[in-house]
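I would like the entire structure built from these sequences, with the hints used as guidance.
Residue numbers (the working numbering), protein chains in the order written: chain A, 1 to 705; chain B, 706 to 980.
Any given hint could turn out to be false.
Some, not all, of what chain B presents toward chain A, calculated at C-beta under 7 Å [said to hold, decoys possible]:
| no. | residue |
| --- | --- |
| 1 | 867 |
| 2 | 869 |
| 3 | 889 |
| 4 | 893 |
| 5 | 925 |
| 6 | 927 |
| 7 | 936 |
| 8 | 938 |
| 9 | 939 |
| 10 | 941 |
| 11 | 942 |
| 12 | 943 |
| 13 | 944 |
Not close to chain A: a few residues of chain B, all C-beta gaps over 10 Å, as computed [said to hold, decoys possible]:
| no. | residue |
| --- | --- |
| 14 | 774 |
| 15 | 818 |
| 16 | 835 |
| 17 | 837 |
| 18 | 843 |
| 19 | 844 |
| 20 | 849 |
| 21 | 871 |
| 22 | 895 |
| 23 | 901 |
| 24 | 902 |
| 25 | 940 |
Source of the hints: derived by calculation from the structure; they are not laboratory data. Quick caveat: nothing in here was measured; it's all calculated off a predicted structure. Just so you know, even glycine gets a beta-carbon here, dropped at the ideal spot from N, CA and C.
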Amino acid sequence: MVLAGKVLAAAVLAAAAVTLAAAGSYALTGRPSGLKVARIGAFAAWAAATGAVGLLVAALLLDRFELLYVAANSERAMPWYYKVAALWSGQSGSLLLWLWLLTGYLVLVARRRPPAVRHIWPWALTLFAGVTLFWAALTVFVENPFRVTSVVPVDGRGMNPLLRHPGMLIHPLMVYLAYTGFTVPFVFALAALMGRRPDTAWFRYTRRWTVSAWAFLTVGILAGAQWAYDVLGWGGYWGWDPVENSSLMPWLTATAFLHSAMVQEKRGMLKNWNLLLIVATYVLSLVGILITRSGLLASVHAFAQSPIGPWFIVYLALVCALTVYLVLDRRHLLQGRHQIESYLSRESGFLVNNLLLAGSAFTVLWGTLFPLAARVFGREINVGAPYFNRVNGPVFLALVFLTAVGPLLAWRRTQAASLGRRLVIPAFVMIHVMVSVLVWYRDGQWGAALGFGGAALILAVTLLEMFNAAAARVRQGEPWWRAPIRLMVLQPRRYGGYIVHLGLALLVMGVVATQYYARQVDVGLLLGREAQIGRYSLVYQGLTEEEHHGVPSVYAEVLVREDGRDVAILRPARRFYPRHVDTMGPVSEVAVMGNLSRDLYVVLGGWEPDGTVAAFQIHLNPMAAWIWIGGYVMVAGSVLALWPERRPWQGEEDYIFADLAELDQDFAAGKMDEETYRSLRAELLEQAVAALRRQKDGGGGDGRG
Amino acid sequence: MAAVVMAVADPGRGRRTRRGLGRATHPLQAAAAIFLALLLLLPPAAVARMQDDPPPAGEGAPGGNLAVANEFLIVTYDRVGAVDVLNLVTVAAGSEGAAQVVLPLAEEGVLLSAEVAGPEGTAGAGEFSQEDGGLLVHNEPLPGGAQRTYRLQYRLLAPRLPVTLVRPIVYPTRQLAVMTEDDVLEPWLDGFTDEGISSLAGRPLRTFVGTDLAPVEEWRVGLVPVNPEPAPDLPVYTPRQGLTGFFWAALAAMAAAAIGALAGRPKARPREEEP
Numbered sequence: 001m002v003l004a005g006k007v008l009a010a011a012v013l014a015a016a017a018v019t020l021a022a023a024g025s026y027a028l029t030g031r032p033s034g035l036k037v038a039r040i041g042a043f044a045a046w047a048a049a050t051g052a053v054g055l056l057v058a059a060l061l062l063d064r065f066e067l068l069y070v071a072a073n074s075e076r077a078m079p080w081y082y083k084v085a086a087l088w089s090g091q092s093g094s095l096l097l098w099l100w101l102l103t104g105y106l107v108l109v110a111r112r113r114p115p116a117v118r119h120i121w122p123w124a125l126t127l128f129a130g131v132t133l134f135w136a137a138l139t140v141f142v143e144n145p146f147r148v149t150s151v152v153p154v155d156g157r158g159m160n161p162l163l164r165h166p167g168m169l170i171h172p173l174m175v176y177l178a179y180t181g182f183t184v185p186f187v188f189a190l191a192a193l194m195g196r197r198p199d200t201a202w203f204r205y206t207r208r209w210t211v212s213a214w215a216f217l218t219v220g221i222l223a224g225a226q227w228a229y230d231v232l233g234w235g236g237y238w239g240w241d242p243v244e245n246s247s248l249m250p251w252l253t254a255t256a257f258l259h260s261a262m263v264q265e266k267r268g269m270l271k272n273w274n275l276l277l278i279v280a281t282y283v284l285s286l287v288g289i290l291i292t293r294s295g296l297l298a299s300v301h302a303f304a305q306s307p308i309g310p311w312f313i314v315y316l317a318l319v320c321a322l323t324v325y326l327v328l329d330r331r332h333l334l335q336g337r338h339q340i341e342s343y344l345s346r347e348s349g350f351l352v353n354n355l356l357l358a359g360s361a362f363t364v365l366w367g368t369l370f371p372l373a374a375r376v377f378g379r380e381i382n383v384g385a386p387y388f389n390r391v392n393g394p395v396f397l398a399l400v401f402l403t404a405v406g407p408l409l410a411w412r413r414t415q416a417a418s419l420g421r422r423l424v425i426p427a428f429v430m431i432h433v434m435v436s437v438l439v440w441y442r443d444g445q446w447g448a449a450l451g452f453g454g455a456a457l458i459l460a461v462t463l464l465e466m467f468n469a470a471a472a473r474v475r476q477g478e479p480w481w482r483a484p485i486r487l488m489v490l491q492p493r494r495y496g497g498y499i500v501h502l503g504l505a506l507l508v509m510g511v512v513a514t515q516y517y518a519r520q521v522d523v524g525l526l527l528g529r530e531a532q533i534g535r536y537s538l539v540y541q542g543l544t545e546e547e548h549h550g551v552p553s554v555y556a557e558v559l560v561r562e563d564g565r566d567v568a569i570l571r572p573a574r575r576f577y578p579r580h581v582d583t584m585g586p587v588s589e590v591a592v593m594g595n596l597s598r599d600l601y602v603v604l605g606g607w608e609p610d611g612t613v614a615a616f617q618i619h620l621n622p623m624a625a626w627i628w629i630g631g632y633v634m635v636a637g638s639v640l641a642l643w644p645e646r647r648p649w650q651g652e653e654d655y656i657f658a659d660l661a662e663l664d665q666d667f668a669a670g671k672m673d674e675e676t677y678r679s680l681r682a683e684l685l686e687q688a689v690a691a692l693r694r695q696k697d698g699g700g701g702d703g704r705g
Numbered sequence: 706m707a708a709v710v711m712a713v714a715d716p717g718r719g720r721r722t723r724r725g726l727g728r729a730t731h732p733l734q735a736a737a738a739i740f741l742a743l744l745l746l747l748p749p750a751a752v753a754r755m756q757d758d759p760p761p762a763g764e765g766a767p768g769g770n771l772a773v774a775n776e777f778l779i780v781t782y783d784r785v786g787a788v789d790v791l792n793l794v795t796v797a798a799g800s801e802g803a804a805q806v807v808l809p810l811a812e813e814g815v816l817l818s819a820e821v822a823g824p825e826g827t828a829g830a831g832e833f834s835q836e837d838g839g840l841l842v843h844n845e846p847l848p849g850g851a852q853r854t855y856r857l858q859y860r861l862l863a864p865r866l867p868v869t870l871v872r873p874i875v876y877p878t879r880q881l882a883v884m885t886e887d888d889v890l891e892p893w894l895d896g897f898t899d900e901g902i903s904s905l906a907g908r909p910l911r912t913f914v915g916t917d918l919a920p921v922e923e924w925r926v927g928l929v930p931v932n933p934e935p936a937p938d939l940p941v942y943t944p945r946q947g948l949t950g951f952f953w954a955a956l957a958a959m960a961a962a963a964i965g966a967l968a969g970r971p972k973a974r975p976r977e978e979e980p
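Spelled out as structure tokens, the structure:
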């Protein structure tokens, strides 16, 4: 098993090298044999990586402790699903998983050469093979998971107790799928520059990859936040920890990219900005890996450390240098086709949205790396939540309002009167919510009122937009129940985006409520005595000892009473993981009684030896469930946006006709005046004719740039 | 010192007094009987030690030359909503002169009766005053070298079990025994030894004994029901363990989405050109 594993890892390296050479040769010479070999090489790399991952999983499930990795990350008593999850709980295993996912994406990219990107595709494949080669080299030479121990232990050390949570079964996998997924738009962006075709074709082709990577990252961040909420036991879900930040930064830049790509798509603007955004997304995800895995920064999430830091720094430097060179060298190709004509236009809105998102990503990066910079100058400085909240709070608030107003803006120019008309009802809802928040809660704060008001504005605008569009279909004779479904089926991108906005509004409500109205009580309770929080009393009823999968645990029995009525039993616990208790102490496991209005969250802090007194940390987190609901609604929206269109889109004219349909809809909704509509329509028709002509002549690429 | 002064088991004595709550109720009578029986049943050597070897007098405590030779807490739970405690304390004074005896009640305990136990178990009269902190002061000082046994009965209101008996240990205590009915209450104590079960007055009592206890401001006994009443179908929230339903639901949803996306995907137009 050991030898086979090592051979398979080396095979990935060899296959990646072959793919790189063959794809490079094909990009330079255009010889078909290169393409064939590159495809075979890509598939071989994936097959070998699959075999290596399979072997490591088998070794984990079969308790093969002669492997260092298995001995360090698994133990006999662990349930099977945590044994599988041990694949990504340690450094070398997670690098192998990364490599496997990367080779999977490589095969998907190599499988087909779409006509729209056929000129840049060989370069993209070459770059992708280069990236895969780097990861394969890391796996083989630096962090090989198939290294053996000199003395085989009877049992393994087991997975870090903090990782034994269902969230950890999903979170790393999703984050890795996202980070590796961002490789696709990254290589196509650079390939577009290398192939001297930085038009819209590359990001149209990679849109699905980008949206799916974004959705994976959203799920990953949510699952990570849920894990932190359940396991770290401080009552919160986001602590602006360096590792948390490292997942947020690429999410912010990817979100910016998904919006600004539309500006390039519709108006031929922001070409260089889009390129830089997607490269920044990729680089920031690598920075995340660097932070998580190199031990550069202390983090509650940094569970594996290794000497990969220098390798990563060199790789990052190479990526940045190549990008800067290409952008500078091809800057004449990156000139925009149009200028912004009005501040009251969708492209202006997207531009501001981009500036805010990128600014936020930068401030998070600065705050995250500042301790490192300070250390260089011999000072130890920690940048904590107050900095991030103070800087990002207003930025996020502005983004919320922009998200609300964005769908009401038309391309080129929006009629102010029309915008005002469409904002009347949502603004009324917003003001009503803000006043209610300020009046309802005596200690109501403006931040909370603005947050809830912004969320209400998003909900009102988005729902009204969807309602108006459905109503228009109903007026044309479609049954009322069918109209919204048809709307989503026919325009999944647009309405998927709207659903993402709805999810964001719900998430904002949850975040604002927990930020402003959460309560906490730290209390030592005698047996039979109670503590009060909100309208709940919690009665300490004693301790019990239990054992699960060889892990002794102490549970506290806490009776919850609401308005004098018994409503539930909460059982927070402390677990004593035999192989970790000496170094980590017992691990807290919180008990949460949650519903849509609040989470009652209890942490068992400790107890007297006789059990007559136990210490509890009790949190009452209002509307915390809305954070998760909102997040998963966002994911559902992105899945809808990814849903295959009814008809296959292959050529650029298909996209242009879709734009025309959207333009007609915006005009019918009164978002723009007739002059703007006619001018935009003429422009799109002209592009469609040109595209069809090119198609007829056998030319590729996209002439819209 | 609180103004409440009691004279119990001696009606009509003193104007500032009020009557106690009357004769002990049935369980308390039973507990008193148990105590007397227990004295007879105690190992002779232990009794001899208690009698012959007076404990060291306390320092820094009220009545610095006093100590507790032995003490019994007999805890019964016969009625829902209340735990009854019979507390028998033998206090011994050092040779440094008379001192007032201070007896602690449990926090939030309601005193039912307090009396000085006379010879042969007969109750004697005594005048007590109660301080704010729940301490009961016997107004008749204990002469140097003398020994006196007190019998206190009080009730802890406990709408539900478990409940914690909290009180100080005022004097150095040679031996303290906590007795509970074996099939009713389980005492949670730290540093006490389980002396097993004795059947006294028809009741099986489990005895936990602690020796040489120093004065502390807060001494606790948790009283936990041996057979707790089942919670009336209350939902129980435990930490998430293993694979939750949510995990499987999310996995199923993702699989369904993937299958749907693949199944609904239209075939590409054959426009790809190989070189």
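These are the hints, each one checked on the structure:
At a threshold of 7 Å, the smallest CB-CB gap from residue 867 (chain B) to chain A is about 4 Å, leaving the interface hint in force. Interface restraint check for residue 869 (chain B): the shortest CB-CB distance to chain A comes to about 4 Å, inside 7 Å, so the restraint holds. Against a cut-off of 7 Å between C-beta atoms, the interface hint on residue 889 (chain B) is violated, since the closest Cβ of chain A lies about 15 Å away. Taken as an interface hint, residue 893 (chain B) checks out: its beta carbon lies about 5 Å from the nearest beta carbon of chain A, inside 7 Å.
Interface restraint check for residue 925 (chain B): the shortest CB-CB distance to chain A comes to about 4 Å, inside 7 Å, so the restraint holds. For residue 927 (chain B), the suggested interface contact is upheld, since its CB lies about 4 Å from the closest CB of chain A, less than 7 Å. The criterion of a C-beta within 7 Å of any C-beta in chain A is met by residue 936 (chain B), whose closest approach is roughly 6 Å, and the hint holds. Interface hint at residue 938 (chain B): violated, since its Cβ lies 10 Å from the closest Cβ of chain A, which is beyond the 7 Å cut-off.
A least Cβ separation of about 5 Å between residue 939 (chain B) and chain A falls short of the 7 Å threshold, and the interface hint therefore holds. A distance limit of 7 Å between C-beta atoms decides the matter here; for residue 941 (chain B) the minimum to chain A is near 5 Å, and the interface restraint holds. Given hint, residue 942 (chain B) at the interface with chain A, holds; its Cβ is 5 Å from that chain's nearest Cβ, closer than 7 Å. For residue 943 (chain B), the interface hint holds, since its Cβ comes within 7 Å of a Cβ in chain A; the closest pair sits about 5 Å apart.
At a threshold of 7 Å, the smallest CB-CB gap from residue 944 (chain B) to chain A is about 3 Å, leaving the interface hint in force. With a closest Cβ-Cβ approach of about 24 Å to chain A, residue 774 (chain B) is found to remain outside the 10 Å limit, as its non-interface label requires. The Cβ of residue 818 (chain B) sits about 24 Å from the closest Cβ of chain A, beyond the 10 Å cut-off, so the non-interface label holds. No Cβ of chain A comes within 10 Å of the Cβ of residue 835 (chain B); the nearest lies about 22 Å off, and the non-interface call holds.
At roughly 20 Å, the least C-beta separation between residue 837 (chain B) and chain A is larger than 10 Å, which holds for a residue marked as non-interface. The claim that residue 843 (chain B) is not at the interface with chain A holds, since no C-beta of that chain comes within 10 Å of its own (minimum 28 Å). Every CB of chain A is more than 10 Å from the CB of residue 844 (chain B) (nearest about 31 Å), matching its label as outside the interface. Every CB of chain A is more than 10 Å from the CB of residue 849 (chain B) (nearest about 36 Å), matching its label as outside the interface.
Residue 871 (chain B), annotated as away from the interface, has a beta carbon of chain A within 10 Å; the closest lies near 6 Å. Taking the minimum C-beta to C-beta distance to chain A, about 4 Å, the non-interface status of residue 895 (chain B) is violated against the 10 Å cut. For residue 901 (chain B), the requirement that its beta carbon stay farther than 10 Å from each beta carbon of chain A is met, with the minimum near 19 Å. For residue 902 (chain B), the shortest C-beta to C-beta distance to chain A comes to about 20 Å, beyond the 10 Å cut-off, and the non-interface label holds.
Non-interface status of residue 940 (chain B) relative to chain A is broken: a Cβ of that chain comes within 10 Å, the nearest being about 5 Å off.
Checked against the numbered hints given earlier, this structure breaks hints 3, 8, 21, 22 and 25; the rest are met.
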